[in-house]
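There are 2 protein chains.
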Amino acid sequence: MDTLAVTGGEVLRPDHSIDPADVLIDTVTGTIDAVVEPGEVDADRELDASGGLVVPGLVNAHTHVAMTLFRGSADDKQLDDWLQEDIWPVEAELQAGDVRAGAALGIAEMIRSGTTAFADMYFFMPEVAAVVEEAGVRARLGHGAITVGKDDEAAHEDFRAGLEFAREYDGTADGRVRTMFTPHSLTTVDESFYREYVPKAREDDIPIHFHANETENEVDPLVEEYDQRPLEYADDLGLLAENSFLAHGVHVDDREIELLAERETAVIHNPASNMKLASGMAPVQKLLDAGVPVGLGTDGAASNNDLDMFDEMRDAAMIGKLAAGDARAVDAPAAVEMATAGSAAAVGFDSGRIEAGANADLAVIDLDKPHLTPRHDLLSHLVYAVKGSDVRHTVCDGTVLMADRELQTLDLEEVIDDARERAEALFDRAQA
Amino acid sequence: MDTLAVTGGEVLRPDHSIDPADVLIDTVTGTIDAVVEPGEVDADRELDASGGLVVPGLVNAHTHVAMTLFRGSADDKQLDDWLQEDIWPVEAELQAGDVRAGAALGIAEMIRSGTTAFADMYFFMPEVAAVVEEAGVRARLGHGAITVGKDDEAAHEDFRAGLEFAREYDGTADGRVRTMFTPHSLTTVDESFYREYVPKAREDDIPIHFHANETENEVDPLVEEYDQRPLEYADDLGLLAENSFLAHGVHVDDREIELLAERETAVIHNPASNMKLASGMAPVQKLLDAGVPVGLGTDGAASNNDLDMFDEMRDAAMIGKLAAGDARAVDAPAAVEMATAGSAAAVGFDSGRIEAGANADLAVIDLDKPHLTPRHDLLSHLVYAVKGSDVRHTVCDGTVLMADRELQTLDLEEVIDDARERAEALFDRAQA
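Quick mapping for you: the protein sequence lines, in order, are chains A and B.
Using UniProt numbering, read the first sequence as starting at 1 and increasing by one per residue.
Using UniProt numbering, read the second sequence as starting at 1 and increasing by one per residue.
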């Protein structure tokens with residue numbers, strides 16, 4: 001056994017208690033071997049966490065990571081206009097190299113802000129898998145399949161490609177890449193395709209992830225056509241299951257909440273995106289109270305505009321209170337749970353908790369900052385005061401991905417330069 | 001003339017255009033002498049802004065800066081419970097040294113996140129003035145006067161102290177300290193005190209700043225008692241004027257909005273605090289459309305939980321869209337305007353714009369970050385992607401307060417240690 005010890009810090013435990021402890025990691029299996037009293041470990045290597053807070057690596061449970069290339073390209077627009085006028089025309093010009101560059105940029109950003117795992121639905125997914133492998137993070141990846149705007153043959157090709165990617169890439173990158181089947185949304189995929197492909201995914205036990213109930217425009221047409229709420233329709237299609245999860249769930253009624261709880265289907269909350277696109281406020285406290293599993297995601301950088309899960313925790317707590325009309329709603333422990341164990345469970349990773357046996361995915365936060373002073377309550381700080389830039393080290397699968405703010409697996413300068421060049425050429429093509 | 005040139009950066013102009021330029025500062029007057037083509041300045045000293053974005057120093061137009069000592073001490077509670085159970089009992093134990101330590105902590109935090117000026121309503125204000133002088137920032141300070149919970153004599157003493165502070169300290173710290181008269185709120189100050197003291201403040205041309213319409217609980221009792229909306233009552237008391245400004249304005253109706261526009265009284269929007277305390281969503285786009293002057297503030301760190309105006313700009317844009325149900329509302333230019341020129345005008349400083357003649361209050365942002373890549377739109381980045389930690393230099397009144405992230409006027413370690421000790425002793429006293 002080769003070991004790494006994270007020493008000298010205070011450790012956030014699964015029960016949200018925080019106490020001084022050292023974390024012993026088995027770097028061969030990439031799991032936590034033990035969490036022990038300070039000063040008791042004898043490891044091959046040490047990572048200094050003194051004066052810091054050791055937390056589970058955050059899990060970004062819904063993003064489109066390569067959309068970092070779109071960051072700031074189209075803000076302050078309504079969702080439909082934004083997609084049709086700004087996003088889709090540029091996406092039509094995407095090349096594999098763009099996705100690779102955008103994914104590298106997004107993953108660099110996530111590592112720097114303490115995120116060790118993410119769920120991604122996009123295009124050219126083998127490129128994303130390659131960057132995940134190189135960067136050392138963990139990801140659940142799916143090829144986003146859509147029928148809107150495609151002829152029948154092209155749509156079938158797209159869906160077959162989605163299943164093929166899921167089968168071929170699952171378990172690659174030493175098991176850090178897992179896959180999923182990702183039909184885009186309830187309104188952008190024709191019913192017949194759900195009827196044909198969902199059973200195929202279920203046959204192979206492939207998790208399904210999709211967008212649902214993000215805006216009222218995604219609810220009303222389905223109610224009109226099927227005389228069912230969207231998630232009743234989704235259930236009828238076989239989309240709701242324990243190994244599956246949906247993004248957004250902003251406009252859900254009580255019957256749909258009950259259905260999600262019954263099926264144990266997780267909702268991934270994307271508060272920043274929901275605010276920025278004026279989609280609405282997800283009833284997160286209601287979901288939690290009903291026993292619906294809830295995870296947290298940034299959505300793509302085009303509607304956020306960053307991939308910083310600390311922002312997202314704060315946003316979740318803030319908007320959760322507004323949605324409930326109650327300052328007690330979505331409290332700090334709930335927000336932390338959502339971004340760690342909640343997201344990890346939704347995505348299907350044994351991460352999001354610092355405990356023997358779990359994946360050794362963690363971040364060390366430097367507490368020696370004016371905005372983290374005084375220290376009445378470190379859990380509160382995690383949600384309401386810590387910034388992504390306070391993360392000192394990031395570890396995933398037992399490997400140090402960032403040490404003292406220096407990336408260890410990616411060349412940051414190269415990543416930034418490459419993304420700039422790629423974005424410029426991509427937008428030039430789209431405008432040509 | 002002694003000069004400092006900020007060179008090599010791109011400069012955000014008052015019309016929101018951004019172009020490469022150098023900023024020449026007259027350090028004797030503390031004002032901007034000229035904004036010129038790159039490479040043309042000949043100055044006594046230079047501050048390197050290459051690869052950076054030069055923006056006006058942000059103006060935090062409503063805070064209680066010493067409340068940094070309360071950060072994280074009581075979260076996820078309703079406003080009334082929070083005040084009565086958590087805040088007021090501790091505030092009863094406050095000593096001058098606590099306010100000095102808390103103010104130093106908050107000012108350090110603000111300088112580090114590009115804020116150069118603030119408006120502060122609290123207690124022991126000579127202590128705050130002393131730290132403002134030492135730290136080199138700019139502030140409009142007022143002694144928060146209140147009648148609730150006080151006997152008549154104590155209340156009069158409090159109000160007289162408020163006027164005396166405003167008269168005595170105005171123009172100190174080489175003019176960087178300006179003052180105001182700050183009756184706490186429409187519901188925590190007895191009408192007779194407004195009738196007596198507002199004319200005295202007006203006589204001496206002292207600006208007035210107060211809390212109003214923050215929660216529904218602050219609206220309903222006034223409507224009941226006076227059969228007037230709160231801001232009609234405020235107008236009747238002589239509180240609405242061009243040199244005066246109110247904090248929050250969450251629950252305002254159309255008549256009140258009209259009144260604010262007529263009186264040219266600024267509303268200071270505090271989105272983070274309004275979300276965290278579930279107070280509601282201020283109709284910011286409606287205020288702007290009606291021509292009401294709008295500034296931006298963090299409120300105290302106990303309800304935020306930081307003093308980072310970049311967070312606040314993002315929050316303002318986000319919640320502004322939700323409140324309007326329109327993703328086009330409170331766009332990036334509006335949010336930037338609010339945090340710079342809008343706040344500066346409300347507070348009464350000739351800051352918030354980079355232009356010859358204005359105060360030399362500015363911040364330089366390091367753009368060479370993954371989360372600020374690519375660069376489709378730097379104004380969008382300012383609101384949706386820049387973090388306080390991206391600020392490289394901060395300049396106020398022509399003096400460099402932070403250079404390459406190093407504070408120049410405060411000893412950060414000492415500030416943090418002092419705040420920790422003070423907070424511990426304060427809370428020990430309160431719990432005794």
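Hints should not be assumed to be uniformly reliable.
Unchecked claim - Computed footprint of chain A on chain B, listed as stretches where at least three residues anywhere in the stretch have a Cβ under 8 Å from a Cβ of chain A:
id, region
1, 63 to 71
2, 195 to 209
3, 410 to 416
To be verified - Using C-beta positions, here's what the derived DEER-type ranges look like:
id, chain 1, residue 1, chain 2, residue 2, range
4, B, 20, A, 414, 57 to 63 Å
5, A, 225, B, 80, 51 to 57 Å
6, B, 51, A, 204, 48 to 54 Å
7, B, 174, A, 13, 30 to 36 Å
8, A, 2, B, 80, 53 to 59 Å
9, A, 19, B, 171, 35 to 41 Å
10, B, 88, A, 191, 57 to 63 Å
11, B, 326, A, 375, 37 to 43 Å
FYI, nobody ran anything at the bench for these hints, they're computed from the structure.
As the structure is a prediction and not an experimental result, all values here were calculated from the model.
Just so you know, even glycine gets a beta-carbon here, dropped at the ideal spot from N, CA and C.
Status of each hint after checking the structure:
no. : hint                      : result
1   : 63 to 71                  : holds (count 4)
2   : 195 to 209                : violated (count 0)
3   : 410 to 416                : holds (count 3)
4   : B:20 / A:414: 57 to 63 Å  : violated, 25 Å
5   : A:225 / B:80: 51 to 57 Å  : violated, 47 Å
6   : B:51 / A:204: 48 to 54 Å  : holds, 49 Å
7   : B:174 / A:13: 30 to 36 Å  : violated, 51 Å
8   : A:2 / B:80: 53 to 59 Å    : holds, 56 Å
9   : A:19 / B:171: 35 to 41 Å  : violated, 51 Å
10  : B:88 / A:191: 57 to 63 Å  : holds, 59 Å
11  : B:326 / A:375: 37 to 43 Å : holds, 41 Å
Hints 2, 4, 5, 7, 9, counting from the list given before, are not met by this structure.
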